[in-house]
Amino acid sequence: MNNKELEARKEKIIKFVKEKKNLIQYILLIAILWLAYFIRSQNWGLLRDATTGRYISLELDSTLFLRYAQYIAEHGRLYAVDVMRNYPLGVNIDFGVFTSYFVAYMYKIVHVFVPSFTVEFADVVYPTVATVIAALFLFLFVRRLFDYRVALLSSLFLVTVPTFLYRSISSDHDILGIMFIFMTLYFFIVAWQSKKIRNNIIFGVCAAFTSILGYNTAGNMAIFFMIVGIFTLIHILLDSVKKSDIYVYSTWYLVNFSVLLGTGKLTLNRFLSDHTSSLPATIVFLTLCAYLLFNIKSIKHNKFIQKLLTKVPQGFAAFFLVIVFSVLFLISFFGFDFFMAMIRGFFSIFSSAFVGNRWASTVAENRRIFVIDWFSSFGWLLVWLFIIGLIILLYKLVKHLKDYKKLFYVYVTCVLAFIFSKYSEGSILNGKSLLSNILFYGSIIVLVGYTLYYYVKNYYEAGISSTIFTIELDPRYTFILVIALINIVGGTSAIRLFFELSTFVVIFSSFALIYIVDYCLSLKYTLLKYLAVILFVFVLFNPFSFAKGIIFEDIQSSYNQVKFSGPAYHSQWQSAGKWVRENTPKDAVFNHWWDYGYWVQSGFERTTVTDGGNRIGWWNYLTARNVLTAPNDSDALGFLYAHNVSYLLIIGDEVGKYSAYSLIGSDKNFDRYSYLTYMGLDSSLSKETRNGTLLVYTGGYPLDEDFVYNSKVYPKGTAIIGALIPLVNTVDNEGNVVSASVMQPKIVLQSQGEQLQLTVKCVYIDKLYYFGTYDYGGCIKVIPAVQGNQLNRLGAAIFVSRRVSESMFARLYLFGQDSKYFNLVYDDSSNIPLGLYNGRSLGPIKIWKVNYPDGFSLDKSEYNYYTRREFPDLSLTQF
Numbered sequence: 001m002n003n004k005e006l007e008a009r010k011e012k013i014i015k016f017v018k019e020k021k022n023l024i025q026y027i028l029l030i031a032i033l034w035l036a037y038f039i040r041s042q043n044w045g046l047l048r049d050a051t052t053g054r055y056i057s058l059e060l061d062s063t064l065f066l067r068y069a070q071y072i073a074e075h076g077r078l079y080a081v082d083v084m085r086n087y088p089l090g091v092n093i094d095f096g097v098f099t100s101y102f103v104a105y106m107y108k109i110v111h112v113f114v115p116s117f118t119v120e121f122a123d124v125v126y127p128t129v130a131t132v133i134a135a136l137f138l139f140l141f142v143r144r145l146f147d148y149r150v151a152l153l154s155s156l157f158l159v160t161v162p163t164f165l166y167r168s169i170s171s172d173h174d175i176l177g178i179m180f181i182f183m184t185l186y187f188f189i190v191a192w193q194s195k196k197i198r199n200n201i202i203f204g205v206c207a208a209f210t211s212i213l214g215y216n217t218a219g220n221m222a223i224f225f226m227i228v229g230i231f232t233l234i235h236i237l238l239d240s241v242k243k244s245d246i247y248v249y250s251t252w253y254l255v256n257f258s259v260l261l262g263t264g265k266l267t268l269n270r271f272l273s274d275h276t277s278s279l280p281a282t283i284v285f286l287t288l289c290a291y292l293l294f295n296i297k298s299i300k301h302n303k304f305i306q307k308l309l310t311k312v313p314q315g316f317a318a319f320f321l322v323i324v325f326s327v328l329f330l331i332s333f334f335g336f337d338f339f340m341a342m343i344r345g346f347f348s349i350f351s352s353a354f355v356g357n358r359w360a361s362t363v364a365e366n367r368r369i370f371v372i373d374w375f376s377s378f379g380w381l382l383v384w385l386f387i388i389g390l391i392i393l394l395y396k397l398v399k400h401l402k403d404y405k406k407l408f409y410v411y412v413t414c415v416l417a418f419i420f421s422k423y424s425e426g427s428i429l430n431g432k433s434l435l436s437n438i439l440f441y442g443s444i445i446v447l448v449g450y451t452l453y454y455y456v457k458n459y460y461e462a463g464i465s466s467t468i469f470t471i472e473l474d475p476r477y478t479f480i481l482v483i484a485l486i487n488i489v490g491g492t493s494a495i496r497l498f499f500e501l502s503t504f505v506v507i508f509s510s511f512a513l514i515y516i517v518d519y520c521l522s523l524k525y526t527l528l529k530y531l532a533v534i535l536f537v538f539v540l541f542n543p544f545s546f547a548k549g550i551i552f553e554d555i556q557s558s559y560n561q562v563k564f565s566g567p568a569y570h571s572q573w574q575s576a577g578k579w580v581r582e583n584t585p586k587d588a589v590f591n592h593w594w595d596y597g598y599w600v601q602s603g604f605e606r607t608t609v610t611d612g613g614n615r616i617g618w619w620n621y622l623t624a625r626n627v628l629t630a631p632n633d634s635d636a637l638g639f640l641y642a643h644n645v646s647y648l649l650i651i652g653d654e655v656g657k658y659s660a661y662s663l664i665g666s667d668k669n670f671d672r673y674s675y676l677t678y679m680g681l682d683s684s685l686s687k688e689t690r691n692g693t694l695l696v697y698t699g700g701y702p703l704d705e706d707f708v709y710n711s712k713v714y715p716k717g718t719a720i721i722g723a724l725i726p727l728v729n730t731v732d733n734e735g736n737v738v739s740a741s742v743m744q745p746k747i748v749l750q751s752q753g754e755q756l757q758l759t760v761k762c763v764y765i766d767k768l769y770y771f772g773t774y775d776y777g778g779c780i781k782v783i784p785a786v787q788g789n790q791l792n793r794l795g796a797a798i799f800v801s802r803r804v805s806e807s808m809f810a811r812l813y814l815f816g817q818d819s820k821y822f823n824l825v826y827d828d829s830s831n832i833p834l835g836l837y838n839g840r841s842l843g844p845i846k847i848w849k850v851n852y853p854d855g856f857s858l859d860k861s862e863y864n865y866y867t868r869r870e871f872p873d874l875s876l877t878q879f
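Position 777 of the sequence shown, counting from 1, maps to 777 under our numbering, and the rest follow consecutively.
Wrong hints could be hidden among the right ones.
Pair ranges (Cβ atoms, derived) [claimed, not checked]:
(1) Y79 - T759: 46 to 52 Å
(2) P631 - G717: 45 to 51 Å
(3) S424 - N710: 52 to 58 Å
(4) V708 - Y441: 29 to 35 Å
(5) F771 - R868: 55 to 61 Å
(6) N437 - V312: 27 to 33 Å
(7) N542 - A80: 42 to 48 Å
(8) R840 - K406: 52 to 58 Å
(9) E74 - N614: 25 to 31 Å
(10) N583 - W380: 53 to 59 Å
(11) L694 - N614: 43 to 49 Å
These are computed hints drawn from the structure, not numbers from a lab.
The structure presented is a predicted model; accordingly, all values stated were derived computationally and were not measured.
Idealized CB from N, CA, C, for every residue including glycine.
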């Protein structure tokens with residue numbers, strides 16, 4: 001085949017693609033949506049409760065929405081107060097539960113055509129449905145901003161990238177919130193790009209209704225409020241407001257907040273104090289109104305206004321006046337404290353991780369993330385494509401402006417400084433160091449400051465020369481860059497925002513890839529064009545283990561992750577739930593650490609005092625202090641009695657969580673704070689003695705309090721590096737070992753090169769052994785360890801400090817001591833004894849029946865103390 005024939009064939013292919021472009025892109029889109037379904041449907045068969053045969057949710061929080069959906073499916077609507085939560089007060093649930101309505105009515109619709117379709121299965125399927133719809137609207141949204149190629153690639157990345165996966169297969173509200181965000185973004189873009197007033201209003205109303213549904217679904221809808229608010233404000237400040245902007249924003253704002261306020265979904269107090277949604281949106285709306293007022297003849301021709309507008313752009317003047325009047329209004333009607341709390345809330349957006357108290361610091365999803373986490377989660381290539389895409393868009397935004405090169409260099413420098421100011425926790429750029437703060441806050445100040453300088457300087461010079469100066473920015477680029485900056489802030493704050501960051505990283509990465517390919521194809525060198533296309537396909541789809549393609553690797557990773565993702569409410573919980581349903585009264589009330597509330601309410605079908613909603617932090621404090629870490633069993637009775645608690649539940653997870661709830665339950669001086677650590681049996685140091693065995697366990701435990709021995713103080717943090725447990729054999733007349741008795745163990749304390757061996761108070765092996773005299777008041781619990789298929793019943797140990805050994809958790813759960821107030825009624829230790837299983841800590845579920853003394857009661861002040869909603873002293877929540 002000669003060159004002419006090749007060229008002719010190439011022309012035919014290009015012509016066919018151009019003529020069938022719409023058909024091809026929709027075929028590819030359908031394939032992408034099918035891929036989203038295929039990956040996410042792999043674990044549906046695993047999501048069943050073996051004791052009931054019904055489908056269950058994948059993770060914890062979604063269990064609540066399933067319980068609500070079940071009620072809605074049966075009764076048509078949800079009750080106003082959930083009496084199974086936060087007993088005896090209950091929880092008002094008139095807001096944030098649209099996910100349950102979505103699941104219930106999806107069930108009602110499908111059930112008409114498929115009678116075997118259950119509401120529980122609808123809950124399992126719903127995340128996949130929401131993901132498919134989200135990917136569809138992402139495609140439509142990105143196509144409006146760029147083109148169909150970027151849109152298709154963005155959707156493909158979205159449905160395959162592992163960082164987006166877990167929340168898009170769990171039945172929590174986040175994925176539905178993302179679906180509504182993309183729907184709202186699309187409707188807003190269509191409204192704003194339309195040249196017809198009718199379409200501005202119609203699609204503005206559509207955007208309002210999807211944002212209302214999103215607002216009643218998940219907190220991530222605040223992202224849209226910030227995006228559209230900042231985007232509109234930029235155009236006001238730059239005096240580039242068009243009629244379509246006015247119609248679209250006003251329609252969206254008025255419909256959105258009229259419905260939310262009118263239906264009671266948003267209270268006036270929250271409306272004025274929500275620093276991420278309603279308040280910024282309102283300030284932008286008022287600025288838009290003030291901007292329009294300046295165009296009224298009687299105002300425009302006012303001498304003061306005319307003089308003002310020769311010095312300051314109209315948009316700046318409008319914004320300044322609104323800010324001044326807003327501050328005066330808020331302080332006058334709500335007080336200075338309310339205003340300062342609102343300001344602190346606003347600046348917390350830029351702070352470390354939205355963590356301001358003890359409870360928040362113990363929640364995994366509030367953990368700080370850094371840019372290094374981006375690289376480990378997305379892969380270095382996708383992250384650099386995101387950054388390159390950001391830089392390209394910055395260039396395209398300013399390249400037509402006067403002195404654009406300076407502007408571009410300043411913008412790129414500031415954006416890179418902003419991103420990498422929080423590179424990693426272990427580096428100097430850890431978000432806390434002086435250099436890190438200089439880069440972070442300095443980049444914001446320089447970015448805003450230089451932009452203002454550039455704009456005001458040119459505006460003032462134009463006024464002197466009697467010309468009009470305006471900055472015309474492509475609104476598409478402004479819009480998408482606002483999205484990027486908001487997500488960068490979120491993406492270096494808390495891990496719970498990583499899911500949302502994923503959705504926008506894929507847009508910029510896709511844009512960068514397509515831009516680079518287009519640039520190469522525009523060059524004259526034919527070989528380079530072919531290489532660009534080959535490299536593009538190789539980077540994305542290479543199936544071989546060497547330099548595996550991004551998409552191919554993500555599909556494999558996501559598929560395998562879903563295929564083996566079973567329910568967190570696993571067989572151990574399911575069996576306990578079956579026992580509770582069959583052996584306890586239906587009106588029984590359970591107390592436990594807050595994590596498990598939704599499972600007890602749904603799987604056990606019993607009422608709880610606390611749960612994952614954490615509506616009343618004071619009760620978490622009392623559960624931690626008066627129950628789990630209480631030095632006396634009787635300390636728990638007042639709190640439990642006030643809440644009519646019948647049963648106490650503790651699970652092996654509490655070993656790892658001891659540091660969390662002991663922190664939360666401590667006083668101002670952190671009197672209960674401690675932790676539990678595991679030590680492994682060191683076979684090389686353990687040895688047979690003349691009449692027994694010496695077991696040596698090694699590990700590390702920093703002392704949780706100062707320790708005094710022989711008049712010397714060993715400060716908190718001094719390391720305990722090991723434990724020694726001697727076993728003495730009892731032999732019969734023939735020398736055979738009949739049994740082994742436990743001698744008093746020792747721990748090895750290391751301080752500044754000095755090593756001490758100290759006797760301890762107790763040890764638990766087959767039972768608890770106490771020793772009358774000891775050097776250190778802690779204990780050791782010996783537990784089994786499984787490695788591979790090998791079981792060693794003495795393979796590990798838990799070091800229990802003096803503080804922990806005195807807690808109710810240690811007495812009841814670790815050491816199995818009897819209590820006249822707590823009667824053990826359920827214990828699955830025979831199936832899952834507390835131990836290390838291939839490095840993972842697992843343990844039994846134990847349930848105690850609470851026995852109150854005869855005549856036990858509380859006076860009114862005690863009852864009010866135990867059931868109040870707020871902390872009596874806020875310092876108990878602080879570090």
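Handout entry: Hints breached by this structure
Key = Hint check: 1, 2, 3, 4, 5, 7 fail, others pass.
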